[in-house]
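Colleague: Please put together the full structure from these sequences, using the hints given.
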Amino acid sequence: MQLGFSADFTRCTMSPSCAVCEKAGDKMKLCGQCKDRCYCSPECQRLDWKTHKTWCQKNAGKIDQRVNQTLKVVGKGIDPAELFAEHPCCKYVAVIDGKGAGVIASDFIPAGEIIVRDQHILCITGDELGLSDIWSESNKPPAKFDRQHELIKEKFERLSESDQAKVLSLEDMQTNNKLTRAIVDRLFKEGAIKSSWEKLYTLTSVPSAHVSEVQDAGYKSPEGVFKTNSLPVGDSNSVGLFPLISRFNHSCCPNASYRWNHDVQSQVVQAMRDIQAGEEICVTYFHANFMTSDTRQKRTMMGWGFKCQCEACECPGLQEVRELVRSMDDGNMTDDDMTALIGAEKMALIEKSIATNERRQRLAALNTRLNTASSLRMVKQIVEEMEGLYCKEKILPHLLVESQIALDLIQAHVGFGGPEVAKWCQALYDKERLLEGETHPKTRKVKQWLSRTPSVMEVVNYANGNW
Numbered sequence: 319m320q321l322g323f324s325a326d327f328t329r330c331t332m333s334p335s336c337a338v339c340e341k342a343g344d345k346m347k348l349c350g351q352c353k354d355r356c357y358c359s360p361e362c363q364r365l366d367w368k369t370h371k372t373w374c375q376k377n378a379g380k381i382d383q384r385v386n387q388t389l390k391v392v393g394k395g396i397d398p399a400e401l402f403a404e405h406p407c408c409k410y411v412a413v414i415d416g417k418g419a420g421v422i423a424s425d426f427i428p429a430g431e432i433i434v435r436d437q438h439i440l441c442i443t444g445d446e447l448g449l450s451d452i453w454s455e456s457n458k459p460p461a462k463f464d465r466q467h468e469l470i471k472e473k474f475e476r477l478s479e480s481d482q483a484k485v486l487s488l489e490d491m492q493t494n495n496k497l498t499r500a501i502v503d504r505l506f507k508e509g510a511i512k513s514s515w516e517k518l519y520t521l522t523s524v525p526s527a528h529v530s531e532v533q534d535a536g537y538k539s540p541e542g543v544f545k546t547n548s549l550p551v552g553d554s555n556s557v558g559l560f561p562l563i564s565r566f567n568h569s570c571c572p573n574a575s576y577r578w579n580h581d582v583q584s585q586v587v588q589a590m591r592d593i594q595a596g597e598e599i600c601v602t603y604f605h606a607n608f609m610t611s612d613t614r615q616k617r618t619m620m621g622w623g624f625k626c627q628c629e630a631c632e633c634p635g636l637q638e639v640r641e642l643v644r645s646m647d648d649g650n651m652t653d654d655d656m657t658a659l660i661g662a663e664k665m666a667l668i669e670k671s672i673a674t675n676e677r678r679q680r681l682a683a684l685n686t687r688l689n690t691a692s693s694l695r696m697v698k699q700i701v702e703e704m705e706g707l708y709c710k711e712k713i714l715p716h717l718l719v720e721s722q723i724a725l726d727l728i729q730a731h732v733g734f735g736g737p738e739v740a741k742w743c744q745a746l747y748d749k750e751r752l753l754e755g756e757t758h759p760k761t762r763k764v765k766q767w768l769s770r771t772p773s774v775m776e777v778v779n780y781a782n783g784n785w
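Residue numbers for the sequence shown follow this note's numbering, beginning at 319 and rising by one.
Keep in mind that the hints were calculated from the coordinates and are not lab data.
Note that CB positions come from ideal geometry on N, CA and C, so glycine has one too.
Fair warning: there could be bad hints in the mix.
To be verified - Simulated pairs of lysine to any residue, SDA-like, Cα-Cα distance not exceeding 20 angstroms:
id: 1; residue 1: LYS507; residue 2: CYS362
id: 2; residue 1: LYS664; residue 2: ARG680
id: 3; residue 1: LYS760; residue 2: VAL778
id: 4; residue 1: LYS710; residue 2: ARG591
id: 5; residue 1: LYS760; residue 2: CYS633
id: 6; residue 1: LYS712; residue 2: ARG770
id: 7; residue 1: LYS763; residue 2: TRP785
To be verified - Ranges of calculated distance between the beta carbons of each label pair, as one might list FRET restraints:
id: 8; residue 1: MET696; residue 2: ARG644; range: 39 to 47 angstroms
id: 9; residue 1: ASP445; residue 2: PHE604; range: 19 to 27 angstroms
id: 10; residue 1: LEU477; residue 2: LEU642; range: 48 to 56 angstroms
id: 11; residue 1: ILE501; residue 2: THR757; range: 46 to 54 angstroms
id: 12; residue 1: VAL778; residue 2: LEU477; range: 39 to 47 angstroms
id: 13; residue 1: LEU688; residue 2: ALA500; range: 45 to 53 angstroms
id: 14; residue 1: SER478; residue 2: ALA510; range: 31 to 39 angstroms
id: 15; residue 1: ASP445; residue 2: ASP425; range: 36 to 44 angstroms
id: 16; residue 1: GLN744; residue 2: GLU641; range: 50 to 58 angstroms
id: 17; residue 1: LYS741; residue 2: LEU688; range: 52 to 60 angstroms
Modeller: Rendered as structure tokens:
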């Protein structure tokens with residue numbers, strides 16, 4: 319077979335480094351046959367041909383066809399603002415407080431209002447993968463992972479060009495990191511991974527921290543976009559990609575939440591408290607209430623490639639003060655010494671950060687104690703303290719947290735024979751009406767309790783999702 323180069327380097331689907339000597343640069347050329355291997359010179363291509371020949375002959379044309387399609391789709395472009403045109407209470411903006419794109423309220427949004435409804439554009443199910451729980455990491459052998467990525471690719475290629483463009487307009491924090499790609503390329507060269515498909519699988523299995531110097535937004539894959547943005551599809555054993563709600567930013571004290579709406583059978587973003595016009599609408603990407611700021615920032619960095627800068631994690635100037643303290647602290651300085659050196663105002667930022675972490679740790683401890691409380695009085699004391707901490711951490715007001723507090727107090731009053739069952743049933747009913755609507759089974763069940771006292775087993779079943 320005649321060896322040759324493709325003149326169009328931009329069509330390379332992997333890292334722009336030579337497959338043999340690992341030299342990097344913008345003058346690399348592709349294997350002219352399969353379009354999936356980069357070389358810096360004809361000499362390196364000849365050295366690699368013995369090992370590359372079999373795979374190249376088998377896959378020639380397949381990758382070229384897929385990349386042509388992807389480039390065509392990316393070239394169409396998507397304006398995210400147009401996707402929100404049908405949702406008048408919010409709008410997509412390119413820059414928010416210097417942190418990038420996001421969604422803001424166009425008008426006042428009351429608590430419980432559904433802000434956006436969204437259908438998945440791409441979905442895979444546990445049944446398709448042979449998994450009883452698609453979200454569990456413990457039951458996913460490599461063969462299942464391979465099938466997951468293969469399914470995403472197959473389903474992406476069956477989408478219309480418009481829908482493909484919507485997918486590729488979303489963030490990909492898995493395949494676009496140059497350092498990660500360099501590591502994978504080395505593994506490929508050393509024989510630890512054998513095919514380009516395995517390369518792509520490896521890239522989309524390694525969390526990718528965002529470092530502007532090494533980030534390359536030109537590298538995207540449907541698999542990487544899916545891994546970065548996918549969400550559960552209701553209570554089914556499925557994972558879906560939602561093109562609208564994937565554009566909402568994260569906060570550790572959010573004003574909205576992802577919800578599955580049973581009435582319309584779609585994923586929604588719902589206001590968890592009153593949201594003012596011009597305010598950014600944020601959700602939380604994980605359960606952050608009981609985590610310290612360091613843990614939360616590590617989670618966002620490893621999962622989505624960014625260090626959370628929400629008001630709960632970073633107050634203005636805190637990072638600079640931390641670096642100043644680290645440079646001055648010799649291990650023997652007292653708080654008074656440090657205050658004298660850096661000033662009371664800067665020291666107050668450090669103390670504020672310590673205090674918020676202590677509150678989150680206290681919330682975690684109280685939540686554990688709540689499950690083993692031995693009296694109504696103890697439950698009430700724990701809940702009262704938790705409410706105060708939630709408020710200080712700006713987690714409250716929040717409909718989901720408030721409904722959980724009401725349910726905890728219903729359980730306590732029913733279990734210990736307390737006098738305020740009706741009061742807290744009314745509180746839970748009020749929250750569920752806003753969250754789920756009048757016709758949802760949860761709301762109807764709680765409505766029954768307004769005219770009678772529920773049994774312990776009824777409340778336990780309700781708490782476990784058996785309505």
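Colleague: Are the hints correct? Go through all of them and say.
Modeller: Comparing the hints with the structure gives:
In summary, the hint linking LYS507 to CYS362 is supported, as the alpha carbons are separated by about 12 angstroms, within the 20 angstroms threshold. At roughly 25 angstroms between alpha-carbon atoms, LYS664 and ARG680 are farther apart than 20 angstroms, so this suggested pair is violated. Between LYS760 and VAL778 the CA atoms are separated by roughly 13 angstroms; this keeps the pair inside 20 angstroms, and the hint holds. Between LYS710 and ARG591 the CA atoms are separated by roughly 16 angstroms; this keeps the pair inside 20 angstroms, and the hint holds.
A threshold of 20 angstroms between alpha carbons decides the hint, and for LYS760 with CYS633 the separation of about 39 angstroms lies outside it, so the pair is violated. Among the hinted pairs, LYS712 with ARG770 is inconsistent with the structure: their alpha-carbon atoms are about 35 angstroms apart, more than 20 angstroms. Taking the CA atoms of LYS763 and TRP785, the gap is about 7 angstroms. The hint holds against a cut of 20 angstroms. A C-beta distance of roughly 42 angstroms is found between MET696 and ARG644, which places it inside the suggested range of 39 to 47 angstroms.
For the pair ASP445 and PHE604, the beta carbons lie near 26 angstroms from each other, so the given range of 19 to 27 angstroms is met. At about 51 angstroms, the CB distance of LEU477 to LEU642 agrees with the hint of 48 to 56 angstroms. Separation of ILE501 from THR757 is about 52 angstroms and conforms to the stated range, judged on CB atoms against 46 to 54 angstroms. Range check, VAL778 to LEU477: Cβ separation about 44 angstroms, and the 39 to 47 angstroms hint holds.
Taken as a hint, the range 45 to 53 angstroms holds for the pair LEU688 and ALA500, whose Cβ atoms sit roughly 48 angstroms apart. Under the hint 31 to 39 angstroms, the C-beta atoms of SER478 and ALA510, about 38 angstroms apart, fit the expected range. For the hinted restraint 36 to 44 angstroms between ASP445 and ASP425, the CB-CB distance of approximately 42 angstroms keeps it satisfied. For the hinted restraint 50 to 58 angstroms between GLN744 and GLU641, the CB-CB distance of approximately 51 angstroms keeps it satisfied.
Range check, LYS741 to LEU688: Cβ separation about 19 angstroms, and the 52 to 60 angstroms hint is violated.
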